[in-house]
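Mind docking chain B on chain A? Use the hints.
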Amino acid sequence: MHEWSLADAVVRSLLGFMASEGLDSIKEVEVTWGEILELDTGIFEQAFYELSKGTPLEGAKLVLKEEKAYFRCNSCGAEWDFKTADEILSREFEILEEPAGVRESPLHFLPDLARTLLRCPKCGSRDFDLISGKDLRVSKVVA
Amino acid sequence: MRAPDVLQDEALRRVSRADRLLMVASGKGGVGKSIISISLASTLSEMGRKVGLLDLDVHGPSIPQVFRSERLIKATKHGLEPLRMNGLELMSLGYIVRDSPVPLGGEDKMSLLKMMVALTNWSHLDYLVVDLPPGTGDEMILAIRALKRHPRSGTVLVTLPSKLSLSIVRRALDLLRDEGIRVLGIIENMSYIRCGGDIVRPFGSLALDYSSLGTQVLGSLPLEPAVEEALASGKLPHKASREVMEAVSAIASRIEVMM
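Protein sequences appear in the order of chains A and B.
Residues in the first sequence are numbered from 1 upward in steps of one, following our numbering.
Residues in the second sequence are numbered from 1 upward in steps of one, following our numbering.
Some clues are possibly wrong.
Once the Cα atoms are required to be at most 27 angstroms apart in a straight line, the calculated BS3-like pairs of lysine-lysine come out as [as the list claims (entries may be wrong)]: (1) A/Lys122 x A/Lys68; (2) B/Lys109 x A/Lys83; (3) A/Lys83 x B/Lys77; (4) B/Lys77 x A/Lys61; (5) A/Lys83 x A/Lys27; (6) A/Lys27 x A/Lys53; (7) A/Lys27 x A/Lys61; (8) A/Lys83 x B/Lys235; (9) B/Lys74 x B/Lys235; (10) B/Lys148 x B/Lys50; (11) A/Lys53 x B/Lys77; (12) A/Lys122 x B/Lys148; (13) B/Lys235 x A/Lys140; (14) A/Lys140 x A/Lys68; (15) A/Lys68 x B/Lys77; (16) B/Lys77 x B/Lys50; (17) B/Lys148 x B/Lys109; (18) A/Lys140 x A/Lys53; (19) A/Lys140 x A/Lys27; (20) B/Lys109 x A/Lys65; (21) B/Lys109 x A/Lys140; (22) A/Lys68 x B/Lys148; (23) A/Lys65 x B/Lys77.
Keep in mind that the hints were calculated from the coordinates and are not lab data.
Here chain A stands alone, though its shape is the one from the complex (with noise of 0.2 angstroms):
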């Protein structure tokens, strides 16, 4: 459900771009989205070309790119991928997705929130890293 909220801040935010830069057109622009934010690519998308219509940016390509998500202990070591982790992945907290009335984790709306909900599968430390895969960004814009 968060794909519309994000939707809309990349449209916002690629319009002020597009001011401040004195563009009236975008061709293609390419999103990458981290693993852990679990998009719906074909929502976002719906949600992106919905959005920019009426808009400059109404016309533009969008490409979504996916980073996936790799996480390194900096106590022991490890390294484990998004799979493992959501598996390991603290039920204790929730956020409730509305109108369908799904507890979801906050991780895929917070994903900076991997040390509270996570711990290393390997020695239980919340120290790790989160190498990748937690961004939304522009990474490309072609005009």
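Using the frame of chain A, we list chain B on its own:
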């Protein structure tokens, strides 16, 4: 061309939807910023304003300790919905992670702050009151970026009447001034104790020191044991005593005029 910072842009845009942006900061910990943020937000709400209260303290969020709720934060098409309680809209990480630690620093903390603010779906507010944690780190840097872009913004600084506290507050004040941020004034907390008919100032008076800061004192609040009792019994802190309520009300009225 530098690619836009999507989350920061959205965070600043969402904050700027409020008509007025009021930061409560200090630089020093333990001076009562959160109690004052909550009291000002509640008083402004009681004055008929539509108020949101944003807790930017990632490591020690206090707002859920006062506005207690077991409700889950809801996510909708528009983002994360603030809790609506006591006539206020409230957002704090404490409503998401409860009492768990949030070990974060540097870029990760800034990234978390941006994402939380970028996703929070405030309604059209008269005031967004922001409770900042101690220090002049990531939270204040993000706050400064928001304050700079908001046409009706201001910061109040909270201090104890001690030279140590004031010396740290002075650093925050210098930073804000250097960045061109409007400082509305200082609130002196735990200023005095009323003992029968007498007023005792356990930390002495800093009146002369304040005058050297070049900003005004918006008001002073007593060291009032009833505040702690109010919190323990689920009452709002500014309702602890008539004296506290009147002092907060006078400060809120001054802020109204200034903003």
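These are the hints, each one checked on the structure:
no., hint, result
1, A/Lys122 x A/Lys68, "holds (21 angstroms)"
2, B/Lys109 x A/Lys83, "holds (24 angstroms)"
3, A/Lys83 x B/Lys77, "holds (26 angstroms)"
4, B/Lys77 x A/Lys61, "holds (23 angstroms)"
5, A/Lys83 x A/Lys27, "violated (35 angstroms)"
6, A/Lys27 x A/Lys53, "holds (14 angstroms)"
7, A/Lys27 x A/Lys61, "holds (6 angstroms)"
8, A/Lys83 x B/Lys235, "violated (45 angstroms)"
9, B/Lys74 x B/Lys235, "holds (25 angstroms)"
10, B/Lys148 x B/Lys50, "holds (22 angstroms)"
11, A/Lys53 x B/Lys77, "holds (18 angstroms)"
12, A/Lys122 x B/Lys148, "violated (45 angstroms)"
13, B/Lys235 x A/Lys140, "violated (52 angstroms)"
14, A/Lys140 x A/Lys68, "holds (18 angstroms)"
15, A/Lys68 x B/Lys77, "holds (25 angstroms)"
16, B/Lys77 x B/Lys50, "holds (23 angstroms)"
17, B/Lys148 x B/Lys109, "holds (21 angstroms)"
18, A/Lys140 x A/Lys53, "holds (20 angstroms)"
19, A/Lys140 x A/Lys27, "holds (11 angstroms)"
20, B/Lys109 x A/Lys65, "holds (24 angstroms)"
21, B/Lys109 x A/Lys140, "holds (25 angstroms)"
22, A/Lys68 x B/Lys148, "violated (36 angstroms)"
23, A/Lys65 x B/Lys77, "holds (22 angstroms)"
The structure fails to meet hints 5, 8, 12, 13, 22 from the earlier list, while all remaining hints are met.
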